[in-house]
Amino acid sequence: MSTDVVIRPGRAHVAGDRPHRRPRPKRDRGRVLRLYVPLGLYLVFTLVPFYWMLVFAVRPSGSTTPVPWPITFEHFETVWNDIGYAVFFRNSVIVGVWSLLATTVLAVMGGYALSRFRFRGRTLFMVVLLCTQFIPGAMLLIPLFTIFKTLGLINNLGSLIVADTVFNLPLSVILMSGFIAAVPFTVEEAAMVDGCTRLRAFLAVVLPQLRPGLIAVGSFAFIHTWNNFLFALMFVSRQDSFTIPVGLSYTIGEYSADFGALAAGGVVAAVPVVCVFAVVQRYLVHGISAGAVKG
Amino acid sequence: MASLRRRAVPYLLISPTVALIAAFLVYPIGSVAYYSLQNRNLTRPWADGFAGLENFRRMLVEDELFWQSLGFTAKWVVAEIGLQLLLGLALALIVNESFIGRGLARSLVFSPWAVSGVLTTGIWILLYTPGTGVLRFLGQPETAVLGNLDTVFPAVVVTELWRGVPFFAILLLAGLQGIPGELYEAAAVDGAGRVRRFRHVTLPHLRDAIVLATLLRSVWEFNNVDLLYTLTGGGPAQVTTTLPLYVAQRAIDSKDFGYGSALTMAGFVILLFFSLLYLRLSRFGEDR
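First to last, the protein sequences are chains U and Y. Take the first sequence: its letter number 192 is residue 229 in the numbering used here, and every next letter is one higher. Take the second sequence: its letter number 50 is residue 353 in the numbering used here, and every next letter is one higher.
One chain only, chain U, in its complex shape (with noise of 0.2 Å):
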């Protein structure tokens, strides 16, 4: 199902006489109240805020324009060496690409056992997966903590990794098996017809077709692990080892008057999500979709 493709009723006879213009809408009022008035409305609320951060972030110190000009790097100068941004950037990457690769190959193998085969408990592995969802993270703080520390883990970015594939495991399985089903089985079959194993049908025939699948699952995974606070709070307390939430949610609470800062810490922590972003959103709706309606 292309998603862009979208059937307008009551729209298409109209091209005639001059098949080089766009048949013009009826009640062009309705539609501008209807339509651009409250989209345009509602892109000054999404966009103003972030327009506010990126004038702090450019704006010298004392300054009040609200167009920054000309604009200033020395806030993220002071974010990147003198608070530290650079090792807390360092470790969120680090984190976020291992939980990504872990969801992502973890996934690929449930989402596959799930759309491929019926075997005795695949129903309670749904349901378990589904259960997962009502479980809060904020609740589970203590226990694992108890767990991390038995494993040594405490003030390791080993324990980020792992909590965080793990909450994001369940929905990836789930939207993977959707991305897998989709694919038909006969493509694989006749490779296997063909003399592969099923391991070599699987790469050379299924992954090719599940790029928009791992593209979704991975950011999904990525953005979920770069964005997570608690955990990173909880379970480690040496600034070598934060991550980028938790060193803004301090210069949040320290350095609440240098405005500057606070904003250029919050660009830092916002590039590689809206970066992501950009390449996954295409996906997004089409990849909740496939989740939602084949799994």
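One should not assume that every hint holds.
One-sided and incomplete, this derived list gives chain U residues near chain Y with beta-carbon spacing under 8 Å [claimed, not checked]:
no., residue
1, Val74
2, Phe82
3, Leu84
4, Pro86
5, Gly121
6, Ala123
7, Phe154
8, Val165
9, Val210
10, Met271
11, Leu299
12, Ala306
13, Phe314
Since the hints were derived computationally from the structure, they do not count as laboratory data. Don't be surprised by glycine CBs; every beta carbon is placed ideally from N, CA and C.
Since the structure of chain U is already known, use the hints to place chain Y on it.
Frame of chain U, contents of chain Y only:
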């Protein structure tokens, strides 16, 4: 032999996921149940031991903050979900229309979805703190909205809407795109206007998506701690403390694990009860 190996394949594939869920989700829940019956405080290890139902008695009888946080949690979830449903549905209907620049408009209005709770706090503190905000340009007098008992609730609700509406809209847009276009055509042929098409075609088809979205988001908003923890810290005067925030504060700040576990159990029971009730009442997934 070959068929035995074949039958083992799915179990091998799901085994890592099952192991991780068992070790880091199921076992912790069991241990929360166990700790809730214990005295366990990392700052006072000499007093650890079996407590029976003492933690629960303390919670239900002595702890006013428990009841207050429950009340605020209900208010918070109802306000957020009601407004997110309304705005999210409107937004989904708008970006489901075809117009020039729709792809860009979608990216922009959905973008706060990717922003973390802490970053949301950082951004909105720049708007709310006196002397920095945009209220100045709207000609409003600037006050400390987050420190004022009258304004703190609307302020935190609007902040969470900024981040919460996009995901609601994404879920509903996915539902909207599953409605066959012919149905609208048929309804238009039958002379149904825009409002009647919405009532009789769109809403019935969206029902499962709406039920699922409201449920998922309610659980999510119930459990949402990052934003309130960093934006208000539960204040002023603890009026914006939700139950999970209270638990997190107990765990992080006072290290009182026994009592925190009792609070957690209360949270589980409440969440489970309302989720089942909601699924029952909404008759989710039943054929109509």
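- Query: Going back to the hint list, which numbers does this structure go against?
  - Reply: 1, 5 and 6
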